[in-house]
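Residues per chain, in single letters:
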Amino acid sequence: MKKVEAIIREEKLEAVKKSLEDIGYMGITVTEVSGRGHQKGLVLQWRAGEYRVDLLPKLKIEVVVVDEDAKKVTASIMTAARTGEMGDGKIFISPVENVIRIRTGEEGIDAV
Amino acid sequence: MPINSGDTAWLLVSAAMVLFMTPGLAFFYGGMARRKNLLSTLMMSFVMIGIVGIIWVLYGYSLGFGPDLGGFVGNLGFLGMKGVGPLPSAVYATTVPQSAFAMYQGMFAIITVALITGSVVERIKFSSLIVFAVAWMTLIYTPVAHWVWGGGWLAKLGALDFAGGTVVHINAGVSALALAMLLGKRKGFPHEPMEPNNIPLVVLGAGILWFGWFGFNAGSALAANGLASSAFLNTNTAAAAASLTWMFLSWRQRKPAVLGAVTGAVAGLVAITPAAGYVTPMAAIAIGIVVSFISFYSLILIKSKIKFDDALDVFACHGMGGIWGAIATGIFATTAINSAGSGAVDGNWIQILKQLAAVAAVAGFAFIGTLVIGKIIDKTLGLRVKPVDEIVGLDISQHGERAYGGLMR
Chain B
1 MKKVEAIIRE EKLEAVKKSL EDIGYMGITV TEVSGRGHQK GLVLQWRAGE YRVDLLPKLK
61 IEVVVVDEDA KKVTASIMTA ARTGEMGDGK IFISPVENVI RIRTGEEGID AV
Chain R
1001 MPINSGDTAW LLVSAAMVLF MTPGLAFFYG GMARRKNLLS TLMMSFVMIG IVGIIWVLYG
1061 YSLGFGPDLG GFVGNLGFLG MKGVGPLPSA VYATTVPQSA FAMYQGMFAI ITVALITGSV
1121 VERIKFSSLI VFAVAWMTLI YTPVAHWVWG GGWLAKLGAL DFAGGTVVHI NAGVSALALA
1181 MLLGKRKGFP HEPMEPNNIP LVVLGAGILW FGWFGFNAGS ALAANGLASS AFLNTNTAAA
1241 AASLTWMFLS WRQRKPAVLG AVTGAVAGLV AITPAAGYVT PMAAIAIGIV VSFISFYSLI
1301 LIKSKIKFDD ALDVFACHGM GGIWGAIATG IFATTAINSA GSGAVDGNWI QILKQLAAVA
1361 AVAGFAFIGT LVIGKIIDKT LGLRVKPVDE IVGLDISQHG ERAYGGLMR
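Sequence lines, in order, name chains B and R.
Its first residue numbered 1, the first sequence is counted upward by one per residue in our numbering.
Its first residue numbered 1001, the second sequence is counted upward by one per residue in our numbering.
The hints are simulated quantities; they were obtained by calculation from the structure and are not laboratory data.
Being a predicted model, the structure only gives us computed values, none of them experimental.
Glycine residues also receive a C-beta, built at the ideal position from the N, C-alpha and C atoms.
Among the clues, some could well be false.
[To be verified] The following label-pair restraints were derived from C-beta to C-beta distances: (1) B/32 with R/1190: 56 to 66 angstroms; (2) R/1207 with B/15: 52 to 62 angstroms; (3) R/1005 with B/57: 19 to 29 angstroms; (4) R/1388 with B/87: 29 to 39 angstroms; (5) R/1153 with B/51: 51 to 61 angstroms; (6) B/51 with R/1391: 14 to 24 angstroms; (7) R/1389 with B/96: 16 to 26 angstroms; (8) B/51 with R/1082: 20 to 30 angstroms; (9) R/1181 with B/60: 30 to 40 angstroms.
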């Protein structure tokens, strides 16, 4: 099993959710995060003058998938979350040792 | 004179409106602080209602408005509100019970000390702030109130101050500057962004201030009459003009900032305060437009150029705004509005000099007095919190609370 973590633009959440749903992944976890990459920060205004905030708000989506689905899931997130501008985010993929469903105690692939 | 029920009703309502300005100010300031200092910023204003509310009835009203001692301060004739009751005073607000007048004045005293706190938020030690408030109220506020309103020397000189431009705004603005000088800048200023935690709170606070200011200015007629209505009209007009002006200034720089529009409104209210009962509505528009230019560029000069950390810009808004208001009163006061005051527009140019004398006297006294009081507190109790307490935030380090709860909703 793999964990796919995608940092995406806030406005792409609905599209990414839909694309994952279409390939059978309903269960996701979404977190509000802040971060920076190549995209420059935001310029905000004080009463007079301005200041720069270099951490931008993003969303992190986590979904655990069976190994053979990892490519498909990644491709689906990429298609849904991409604009082509800087700031589209990144996807991280890492191995998952086990998954346990709290309600039933099922483990491994059955619990994904 | 017999008690006039209309005047009394209006003054009591005005007093309540001026009280309401202090929690309004707490929101106005609190929203601009960082999240970790939201509660402490609110508390710095709110606690003044308690502190000054007690000082005022013990001896504050007496020092400010008691029988004159050499034009400098009142005597202790009204100690503990002795003799201040249902009968009107022979000198002040002669158609309302003196207890109503005394309470009305007390509300001004409360908000004046609260105003100072804007420059020192996010780093002053709460216990030291309490000591400062008691000393400042006793040694700075009550004499200045006496000079201007209690029959003291500035009143005799003929300086015009309808609702407290010198006593409240210049006094607080200059004192805020002095106290921030002693305290030093916030950790991280100016290279780290100091982001307001909640601009909606600032808008709410500005709205409450604007509402309460009608009690502050129109109430200062001390009667429910034409003069009160004139002050009301000018108050709204100046605030509207200043708010739009500030919005356009920020727009010209970048975008029409919400924080700019509400700050402009408050600056306009500050500037019209001394002039409210003396000038025409057209003059109020001019006063409002000019104050936003003055405060906007003062703020840039202080914060961005000199890099002086008056955290919530009390000097730029209340100090500079108050000074402009005092001068503007000398320019625009006209007997067509109020027989008690004429300025340059009536050919009475000397009034501007009288206004400048009042500004210099109050600003000088407030600045030096605050430096002395602040320095003594700094040497004995310490004005500033420990570095670690500042990093954690004053909400937790000073009050053991936080503004927003944890993960459980």
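Going down the list of hints, with the structure as the test:
1. B/32 with R/1190: 56 to 66 angstroms: violated, 28 angstroms
2. R/1207 with B/15: 52 to 62 angstroms: The hint (52 to 62 angstroms, Cβ to Cβ) is violated, given that residue 1207 of chain R and residue 15 of chain B are roughly 39 angstroms apart.
3. R/1005 with B/57: 19 to 29 angstroms: violated, 57 angstroms
4. R/1388 with B/87: 29 to 39 angstroms: holds, 36 angstroms
5. R/1153 with B/51: 51 to 61 angstroms: For residue 51 of chain B against residue 1153 of chain R, whose Cβ atoms are near 45 angstroms apart, the range 51 to 61 angstroms is violated.
6. B/51 with R/1391: 14 to 24 angstroms: At 20 angstroms between Cβs, range holds.
7. R/1389 with B/96: 16 to 26 angstroms: violated, 42 angstroms
8. B/51 with R/1082: 20 to 30 angstroms: Cβ of residue 51 of chain B to Cβ of residue 1082 of chain R: about 53 angstroms, so the range 20 to 30 angstroms is violated.
9. R/1181 with B/60: 30 to 40 angstroms: Because 45 angstroms falls outside the window, the suggested range is violated.
Checked against the numbered hints listed earlier, the structure breaks hints 1, 2, 3, 5, 7, 8, 9; every other hint is satisfied.
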